[in-house]
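Peer 1: Residue-level listing of the chains:
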Amino acid sequence: QKEVEQDPGPLSVPEGAIVSLNCTYSNSAFQYFMWYRQYSRKGPELLMYTYSSGNKEDGRFTAQVDKSSKYISLFIRDSQPSDSATYLCAMTYGNKLVFGAGTILRVKS
Amino acid sequence: GAVVSQHPSWVICKSGTSVKIECRSLDFQATTMFWYRQFPKQSLMLMATSNEGSKATYEQGVEKDKFLINHASLTLSTLTVTSAHPEDSSFYICSASLSRGLGGEQYFGPGTRLTVT
Numbered sequence: 043q044k045e046v047e048q049d050p051g052p053l054s055v056p057e058g059a060i061v062s063l064n065c066t067y068s069n070s071a072f073q074y075f076m077w078y079r080q081y082s083r084k085g086p087e088l089l090m091y092t093y094s095s096g097n098k099e100d101g102r103f104t105a106q107v108d109k110s111s112k113y114i115s116l117f118i119r120d121s122q123p124s125d126s127a128t129y130l131c132a133m134t135y136g137n138k139l140v141f142g143a144g145t146i147l148r149v150k151s
Numbered sequence: 245g246a247v248v249s250q251h252p253s254w255v256i257c258k259s260g261t262s263v264k265i266e267c268r269s270l271d272f273q274a275t276t277m278f279w280y281r282q283f284p285k286q287s288l289m290l291m292a293t294s295n296e297g298s299k300a301t302y303e304q305g306v307e308k309d310k311f312l313i314n315h316a317s318l319t320l321s322t323l324t325v326t327s328a329h330p331e332d333s334s335f336y337i338c339s340a341s342l343s344r345g346l347g348g349e350q351y352f353g354p355g356t357r358l359t360v361t
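Residue numbers (the numbering used here), protein chains in the order written: chain Y, 43 to 151; chain X, 245 to 361.
Isolated chain Y (complex conformation) (with noise of 0.2 Å):
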C-alpha cells in the first residue's frame, strides 16, 4: 500500500464546472499538506499549504485537510482550460515530501 493515493485521472470537466481532486493517506504522522500544478514538462508549482484540518482559501481554490479521516481535498472553482495540468497532492514527514502520483485534469472550452 503506498503512503499517499491519488487517483491518476484524467478527469475531464466543461469549463466553469468545479472540479474535486482528493488524496488520500495512511501515515497519522504527516504534518504539512501541500497541492502543487505541474504543466507538462515543467516544475511543479506550489497551490496551496496547509497545516490544520479545516479549510484554506486562496481565490478559486479551496484546500481540505482531514486527519481524522487521513483525506484532504482540491476544489477548483470556476474551471478554466487553463486549469489543465497534472495535480499533485504532497505531504511531510520531517524534511521529506512524499508525493501522490497526480491527477491529470482537463477543462474543456
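FYI, nobody ran anything at the bench for these hints, they're computed from the structure. The beta carbon of each residue, even a glycine, is placed where N, CA and C say it ideally should be. Check before you lean on any hint, since a few could be wrong.
[As the list claims (entries may be wrong)] No farther apart than 27 Å at their CA atoms in a straight line, the calculated lysine-lysine pairs in the BS3-like style are these:
1. Lys308(X) <-> Lys44(Y)
2. Lys84(Y) <-> Lys258(X)
3. Lys109(Y) <-> Lys44(Y)
4. Lys112(Y) <-> Lys285(X)
5. Lys150(Y) <-> Lys258(X)
6. Lys310(X) <-> Lys138(Y)
[As the list claims (entries may be wrong)] Far from chain X, some chain Y residues (derived; all Cβ distances over 10 Å):
7. Glu57
8. Ala59
9. Ala71
10. Ser95
11. Ser110
12. Asn137
13. Ser151
Starting from the known structure of chain Y, arrange chain X on it as the hints suggest.
Peer 2: The following block gives chain X in isolation, referenced to the frame of chain Y:
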C-alpha cells in the same frame, strides 16, 4: 519570490559520459535543496537531500557514486550523473527550501530532461 532555476533545461548525452545539472535559488538563500527524478506519467521520487556545506543524504536505492551532489553555496546545488546509461534518462527536478524543509515548503525548478543515447 522563491524562484528556482535549473540548467540545462534539456540535455542529450552518449552512454558512458557524465552530465552536470545546476540548480539555483535566484531570490532567496536555500538552506536545503532536494533532487527528484520523474519518469513519464509518474510522480516525483526523492533522490537525495543536500544541506549547504555538508554531504548529501541519499534515499534508499539511489547510488551515491553515480549521482554526485554538491551543495557549495546557499544558492547553488549541482547533480552530476556519472557514466550515464539509457536507463538514467528521466526528468530531473530540484527544489529548494528556506527552512531545511521542516516547514514543508519546497520551491521547484523547471526540471531538466536528460536523454542518454
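Peer 1: Each hint should be assessed against the structure and marked as holding or not.
Peer 2: How the hints compare with the structure:
| no. | hint | result |
| --- | --- | --- |
| 1 | Lys308(X) <-> Lys44(Y) | holds (25 Å) |
| 2 | Lys84(Y) <-> Lys258(X) | holds (24 Å) |
| 3 | Lys109(Y) <-> Lys44(Y) | holds (17 Å) |
| 4 | Lys112(Y) <-> Lys285(X) | holds (25 Å) |
| 5 | Lys150(Y) <-> Lys258(X) | violated (41 Å) |
| 6 | Lys310(X) <-> Lys138(Y) | holds (22 Å) |
| 7 | Glu57 | holds (25 Å) |
| 8 | Ala59 | holds (24 Å) |
| 9 | Ala71 | holds (13 Å) |
| 10 | Ser95 | holds (16 Å) |
| 11 | Ser110 | holds (20 Å) |
| 12 | Asn137 | violated (3 Å) |
| 13 | Ser151 | holds (24 Å) |
Of the numbered hints listed earlier, those contradicted by the structure are 5 and 12.
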